[in-house]
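J.: Each chain, written out:
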Amino acid sequence: MKVGAIVLTLAAASLAFAEPKFIQLPGKSPIVSIRLVFTTGAAFDPSGKAGAANLTAGLLGGGGTKSLTRKEILDAMYPMATSVSVQTDKEMTVFSGETHIDNLEKFYGIMRDMILNPGWRADDFTRVRDDTLNTLKVSLRGNNDEELGKEELYSLIYTGHPYSHEDLGTVAALTSMTLADLQAFYKRHYTQANLMVGLAGGYPANFPERIKRDFAALPAGSPDRLEAKNLAPPVHNQATIIEKDTRSVAWSLGFPMDVKRGDPDYPALLLAQSWLGQHRLGGRLFERMREQRGLNYGDYAYVEYFPFGMFTLEPPANIARHQQIFQIWVRPVEPPTATFTLRLAMFELNRVIEEGITEKDFQQTRSFLPKYINVLTKSKDAELGYAIDSAFYGIPNYNEYIRTALGQLTLADVNRAIRKHWHADRIQIVSVAKDAAALKASLTSGEPSPIQYNAPKPKDILDEDRIVERWPLKLRPEDVQIVPVSQVFEN
Amino acid sequence: MRSQKLFAITLIAAVTLCLQAFGAGKIFPYPYVQEELPNGLRLITIPTEFPNIVSVFIVVGTGSRNEVEPGKSGFAHLFEHLMFRGTPEFPPDKYQATLRAAGAASNAFTTDDFTAYHTTFSKEDLPRVLSMEADRFQHLSFEPEAFKTETLAVLGEYNKNSANPASKLFETVRATAFENHTYRHTAMGFLADIQAMPNAYDYSRQFFDRYYRPENTTIIVAGDVEAKRVRSLVDERWGTWKRGNFKVRIPAEPPQEGARTAHVDWPSPTLPWISVSFHAPAYSEEGTDGIALDAISRLGFGNTSPLYQKLVITEQKTDVLRAGFSNHVDPELFTVTARVKKQSDVASVQQQILDTLVGFAGTPVDAAKLDTVKHRLRYQVALGLDNSEAVAELAARYVGLRKTPESMNREYENYDRLTPDDLQRAAKKFFTEKNRTIVTLSSEGGSK
Chain A
0 MKVGAIVLTL AAASLAFAEP KFIQLPGKSP IVSIRLVFTT GAAFDPSGKA
50 GAANLTAGLL GGGGTKSLTR KEILDAMYPM ATSVSVQTDK EMTVFSGETH
100 IDNLEKFYGI MRDMILNPGW RADDFTRVRD DTLNTLKVSL RGNNDEELGK
150 EELYSLIYTG HPYSHEDLGT VAALTSMTLA DLQAFYKRHY TQANLMVGLA
200 GGYPANFPER IKRDFAALPA GSPDRLEAKN LAPPVHNQAT IIEKDTRSVA
250 WSLGFPMDVK RGDPDYPALL LAQSWLGQHR LGGRLFERMR EQRGLNYGDY
300 AYVEYFPFGM FTLEPPANIA RHQQIFQIWV RPVEPPTATF TLRLAMFELN
350 RVIEEGITEK DFQQTRSFLP KYINVLTKSK DAELGYAIDS AFYGIPNYNE
400 YIRTALGQLT LADVNRAIRK HWHADRIQIV SVAKDAAALK ASLTSGEPSP
450 IQYNAPKPKD ILDEDRIVER WPLKLRPEDV QIVPVSQVFE N
Chain B
0 MRSQKLFAIT LIAAVTLCLQ AFGAGKIFPY PYVQEELPNG LRLITIPTEF
50 PNIVSVFIVV GTGSRNEVEP GKSGFAHLFE HLMFRGTPEF PPDKYQATLR
100 AAGAASNAFT TDDFTAYHTT FSKEDLPRVL SMEADRFQHL SFEPEAFKTE
150 TLAVLGEYNK NSANPASKLF ETVRATAFEN HTYRHTAMGF LADIQAMPNA
200 YDYSRQFFDR YYRPENTTII VAGDVEAKRV RSLVDERWGT WKRGNFKVRI
250 PAEPPQEGAR TAHVDWPSPT LPWISVSFHA PAYSEEGTDG IALDAISRLG
300 FGNTSPLYQK LVITEQKTDV LRAGFSNHVD PELFTVTARV KKQSDVASVQ
350 QQILDTLVGF AGTPVDAAKL DTVKHRLRYQ VALGLDNSEA VAELAARYVG
400 LRKTPESMNR EYENYDRLTP DDLQRAAKKF FTEKNRTIVT LSSEGGSK
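Sequence lines, in order, name chains A and B.
Under numbering that gives the first Met the number 0, think of the first position of the first sequence as 0, with each following residue one higher.
Under numbering that gives the first Met the number 0, think of the first position of the second sequence as 0, with each following residue one higher.
Worth flagging that the hints you see were computed from the coordinates, not collected in a lab.
Because the structure is a prediction, the values reported are computed rather than measured.
Backbone N, C-alpha and C define an ideal beta-carbon position, used for all residues, glycine too.
Be a bit skeptical, because a hint or two may be false.
What the hints assert, rightly or not - Coverage of chain B stretches by chain A, computed from C-beta distances (three or more under 8 Å per stretch; other residues unrestricted):
(1) 103-110
(2) 118-128
(3) 161-169
(4) 264-273
(5) 305-317
(6) 362-375
(7) 385-395
Next comes chain B alone, as it looks inside the complex:
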């Protein structure tokens, strides 16, 4: 028993020391070097303590937001695929062979606001990977035949996800809540546009010419690296990349002037879904509205919220209840989503979601509860940064918004200052009936 008590005392002492250190620092804990090459390309090098492995994320500041021409939704994502179609120096088979020789894990993803290409590998292969990536970003070359084949892989990706009603729900929320802005479509794009992609080869070349330019791109190198050496490797192969001059005009979304609803009839059996959305602010390093909505999503609908406890744990009427506000370059949505176990409970669950939102506008939250959210976020970030790939990806998320991971530190400094009044003000401002879109989904024949 004695040793157990000693153990506890030791731990408490350790906890006190660590908390002082833990709470005080920047949320993004890694020192990094951020540089800009003469051609506008940004380079961020983040040495980490994780040995042997390096992770490279290349962030192109183009996502489905940039798909402004009608009928051309999904092209940013299509490019995520086309970028693996090779160059004269590295045709696809040689590119893949080189990655395999490096033992690399390589992939890419497309968001509403940016596209990220990432490769994680052993540190000795850094020159080879940076060189090959420089080649494909400057000299991508694909023939119409390969282009058409790749468009089918994109259709295959749509097919892969199409059996999930949550995908259709999300598509419908976007298409209902937005009229003008390109957030009207998801990053996958409209199905009709995906099916028409094979005939848009010339447009694809134009898309590449516009956006795959150094001033629109940031290279993040995290892991067992040294900044000077990375800079010299990047200078060598990326310095020749030519600037572009295209400026995109994204159509603004007018204020929503009335509540909107939509319903999806799902062809096969499913539990009914409800989605309640409100237009929400763009990402900002200065304002508090966005982070206030983020805090509301956690306090109102997270797994310790009263509504979650009631609907999921106690009454067991829903098996999914979540809310989200995600950072976007332009104003997007705050959304609450629920999957209800019985059709007869849908109306009641929907009303309870609305009542909860109204509650945030009516009464300030308990400051201690808000502190709990702040506390959690710090630990959540720390726990997530357990390898170099995770470090690079987190940096990439903020580079996609403000071209630097420093933006994350600013956002969390604001979060630390967030007050219950900020939450109440944001709730009053955004949770209005005319700003609201409700979409439901149920099996065909279910009540709407």
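Chain A extracted, bound-state conformation:
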């Protein structure tokens, strides 16, 4: 596998960029949403310090401030029913919260101090680090095969790239991480130049100015900037089987993609993805794999990173990135159908690349998307999250951007974009399975993997199965690695 050179730079200091950006959606609602987004994250973890960005944010949002202990913060937040959520991705770190206008002053004061005046207490550090280690070692490795496979895929796709390690970090790096490491990360990356302030709801007119004044206490800094070039997928298909004692087999597959919001082919690929794998809304994969064949609980495809999909139908906002991925995500299947299921996913991907989508599918999906985006942004907080992402990508309001772009799109545009950016080989494949050796043998033998159904099936399905059961996976033994689950996220 060859991956091109990646350059991480901090842009030259410029006063013009040193002020926070404000994204405002004022209104009359008594609920005020605040999103403080730093355009930094795991892609800027120092060498050997995987997880520093996430742990820094986790400690700021989950520890005490200079004036309040964690206990005092919880006590203060409790009657207001408020909290500050923290989310760290590769290039964005978000502190978000909603409060009733009654409590804005008190809530904002705590949220502000979390970032401007952190307490840096050793016991908070130990607790937050232990929680993170347990998320890796217990929650991901142990409790959730679907998310385990997806997270490993997200790392493997970016081998050799600043995105290549799990956002939470590695067990080894977290174990040796110190409070001083986090303070160093904070000092360098929590700058005015990296700050985007999102506000929605019935906040006072002078509130933005107040925030700007308060956050002038941060160093001016210069924007963190990621420059990635020549990212290439593997030469052959590559498979990783995570071996663990589990009753079913989960699959995730994908590759890096140089198309993001604002790029010319993004609307076309969004439409293609929606047709192929929109969550729970009758996408092609869902229809052929679950509805027709009953293989599992669901099968999806996305052209953007989508964490926590086990728990939500809609991707979260503020995980904007300069580089994106194409992914197919196959929920756990019964072990005897594992190889057939992978073949079917690859077969469907190959088919859409070779044949494209039809005029009818194009028209239907084009009418669906603009309305569905209204549903995605149904709350003010969600609308604010999308608005911040649009500012990051340099596009207008997302709903308008999509509506306008779809209006100009043709079927030919979509099928051309699919052929240009998607491929049915050179794919990273991740599986979570109990009998890894047998699965590897099945994947690499080239032998058919016929499927038995519990009910009669239509002839077109059975005819298609004859092709799918022999579909070439193009995996040689050297392309398939078996990793014990205890080693995943270890180093």
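Based on these hints, arrange chain B on the given structure of chain A.
T.: Here is chain B on its own, set in the frame of chain A:
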């Protein structure tokens, strides 16, 4: 500096005004229209201030509680799936195509007591969505082949969750604490029953015939809507739905007469879990026992409780500590759950949980702390109602219990009157040794 001070003063004035208005009103703040059609179908229309979007929740008063026949657990949830298998007028592909044309987000969920089907979409598509939903609730049609395939999707859902020890812990708590009542199984059902589902096609038709009837169903329409127009749309397509007459007999759970324990050996590495449960009262608009247990769950085990502060924040012996009493039609459980970082601390953590519960029976709580809980709940509800889908879902939770969102207002009025004595009385009544079930879970080979 001057402007900052002015800002603070303005805010304080605003806070005073808002608090007066905020604390006084009903907890469910939206006026709504509730009607009953001649066939028994209930319709609740809730206009909201959120523009353009409408959310429809259709609540069927049947959950896993209704699964009374042995070997048939999980059927209410199976129906949540089967309802997407189409009708003669709207086969599955046409149904999906119509939803896609409407840009709708559509899904369903099953609880112990009810099943809810929900669709959120742009307001201009309301006639189309109501019409299509009317069709599938009256004319659902699935062949044995499609039925068998869908049962596999249900098994897939079980598989999806099966890697999580918390799912197994929950299953074991239910199966240990209950002997007769259908709450003995979770809404997913027993694995053996899920695996046997493909052979129960005829039973599935019977299940639909029994429960998918207008007198057992409530339609909630929330968002950018007008009640008269919604009523006329519902009359048009739902008025022909025929009443049923099935009455289910849910087996009563006898009082538990002795402490119970169980242990789960988990096949792969995990941190150990503890669950301490007590049989608890059914949902009631009149009594205070249920809300008293809810308050205890918050005061005793919430993130500001002394035990949480000790075990999670200070000593850092557990990374999960939570308690819950959730509203149910019949008596269910009050449960405290903890995930412990070291096996050697399990016994000590368990004892501290028990001591905390005993403490509520021994000493009345501080009234000011109870007021803090009441205050929080009001803000929590207000903050959650930030879109029409959330409004409809909250209404659905109470419709599933008492067929009207008004029940929520009554519950919170009772909450406002709750006293420390109520908490102490409930603790004495329910936190007894003979009413208790403790389930532990650890990696195979861990101490039990």
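J.: Out of the numbered hints, which ones does the structure contradict?
T.: none
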